[in-house]
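S.K.: Here is what each chain is made of, one letter per residue.
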Amino acid sequence: MSAGIIAMRKALLKFRLSALRGAVLPLLLLVWWEYLASGDKVHSFVFVPLETVAASLGDEIRSGDLLDNWLASLTRTSVGFLAGGGVGIALGAVLAISRIADRVISPIYTAIRQVPLLGWIPLISLWFGNGEPSKYFIIAFAAFNPTVLNTYEGLRNVDRRFTAVAQVFQATRWQVLRHITLPAAMPAIYIGLMHAIAFAWLSSIGGEFFFNPGPGLGNMMMNGQTNFRMDLVFLGVISVALTGYGMNQALAALSRLTLRWRPTR
Amino acid sequence: MSGLVTLAPEAPPVSHDFVGALTIRGLEKTYRLDGAPLKVLQDINLDFRPGEFVAIVGRSGCGKSTLLKLIVGLDAEYDGEIRLNHEPIRSTSLDRGIVFQDHSLFPWMTVQENIAFALISLNLPAAEKARLVSDHIRLVNLAGFEKAYPKELSGGMAQRAAIARALVTRPKILALDEPLGALDALTRVYLQKELQRIWMEYGSTMIMVTHDVEEAVFLGDRVVVMDANPGRIKRIVDIPMAHPRDRSSGVLHGLRDEILAELTEGH
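Chains as they are written, first to last, in our numbering: chain A, -1 to 263; chain B, -18 to 248.
Heads up, a few of these hints could be off.
Said to hold, decoys possible - The calculated label-pair distances, taken between Cβ atoms and stated as ranges, are:
1. A/Ile236 with B/Leu105: 56 to 62 angstroms
2. B/Lys174 with A/Met6: 37 to 43 angstroms
3. A/Arg260 with B/Leu14: 34 to 40 angstroms
4. A/Leu25 with B/Ala166: 50 to 56 angstroms
No wet-lab data here; the hints were simulated from the structure. If you're wondering where the values come from, they're calculated on a predicted model, not measured in any experiment. Glycine included, every Cβ here is placed at the ideal spot set by N, Cα and C.
The task is simple: from the sequences and hints, build the whole structure.
M.R.: In structure tokens:
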């Protein structure tokens, strides 16, 4: 228990220090941006002055629009990530454990995987329509692929010494899976989930550009574009970037906490 | 350094006579390398007396690690006979434990969990398992490190935990595959003494493969000298000295030099 708290504090301290260093470049960019925006009319349209962005941030927060859009994107991403990631772990595990499943499913899965997400969009809108289900499907599909691959690799590449030890102690197949293979694969599964959440978030925003309008950060950016409100587009970009960064950090923190046993490299 | 830890004599977890007599007759092992047969062990005949410490030395490639694998049952494909108390060995069993050169502790388990894992197939009450685990943690002097993960242990401590894990099932035979090979010289000398103490306290048959001739003569009741290509027994040397032994004994040094000379012959 206390070891967990100490690890959490350490992680927090490390996070603060690295966040400080990580903030230097974005701040420089903002200064440069502000400099460009302070030029002529064209410049101030294309590079919206930060005070305009700040003002519209205030407006959007007060009206509740930003929160609604943000929540809509976040909800879609979370549901899609959990569904796609969950099914992905399950399929990866089945492929890793069952030779027959591996032989039957892997070839067709590998072929399907070669088609980029964008290539599926016409078919998906044909099958699921242009509304919410398609948006969810795209997100789940994006989260699915990296989880299948990393779960499969993680479970397959367990150090043979460990399985030999388990064999000496007469562990059953199920015990080996539960106590050896699965924990040994956890770091790889986490890597899969990290990729999955990043892809899910990207395709959540991207998907909004292809299907019917509805609440969401992508939609907010599209509206900004059609109404010549570059401040809204910029606001959207910043929200997407910060939220994605936050999700990545949260998952990384979770993996550090649950995989405390991992040797630090 | 260590008070003698006595293991509770009552109720051993596995119901068998504790020590094991191992007999090897006409053992041969051939690997296939790209279809071509490669003989790694040839005509091995060995008798291990119950409770004996046997050290096996030889150059790399003499098949000594393969021999251990066969004894433990990790490889069932061989010609000839390996019998433990008259039963032929064809698979792994709790009768035969092994410690590898790299401790092979599960990094995601604490010391305690690692040792408890060895009892996974035994139908014992949880309290009994916990007692066995803590007894063996004390046996290898790791009390206080129950909750440590392998990454938090030094090489020597990790190897002691691995020895505890291998002994907790009370195997009749303990196979040690260069258990101290990866340790620094000082830790090594210390663990050699520890191993001697554990073996004397414990009383099971131990078979240790090593590169270190000094270690072999210090620990072994007998030293099996092996030759390579194909792996075969060159000579078996008795070490006629009672345990615990004095490392600086002239007799040991004499035997060490004799075996070293034999191993480096023609090199």
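S.K.: Run every hint past the structure and note whether it holds.
M.R.: Hint-by-hint comparison with the structure:
The hinted window of 56 to 62 angstroms between A/Ile236 and B/Leu105 holds, with their beta carbons roughly 60 angstroms apart. Checked against the hint of 37 to 43 angstroms, the C-beta distance between B/Lys174 and A/Met6 comes to roughly 41 angstroms, which is consistent with it. A beta carbon spacing of about 36 angstroms between A/Arg260 and B/Leu14 agrees with the range 34 to 40 angstroms that was offered as a hint. Hint check: A/Leu25 to B/Ala166, Cβ distance near 53 angstroms, so the stated range 50 to 56 angstroms holds.
Every hint, counting from the list given before, is met by this structure.
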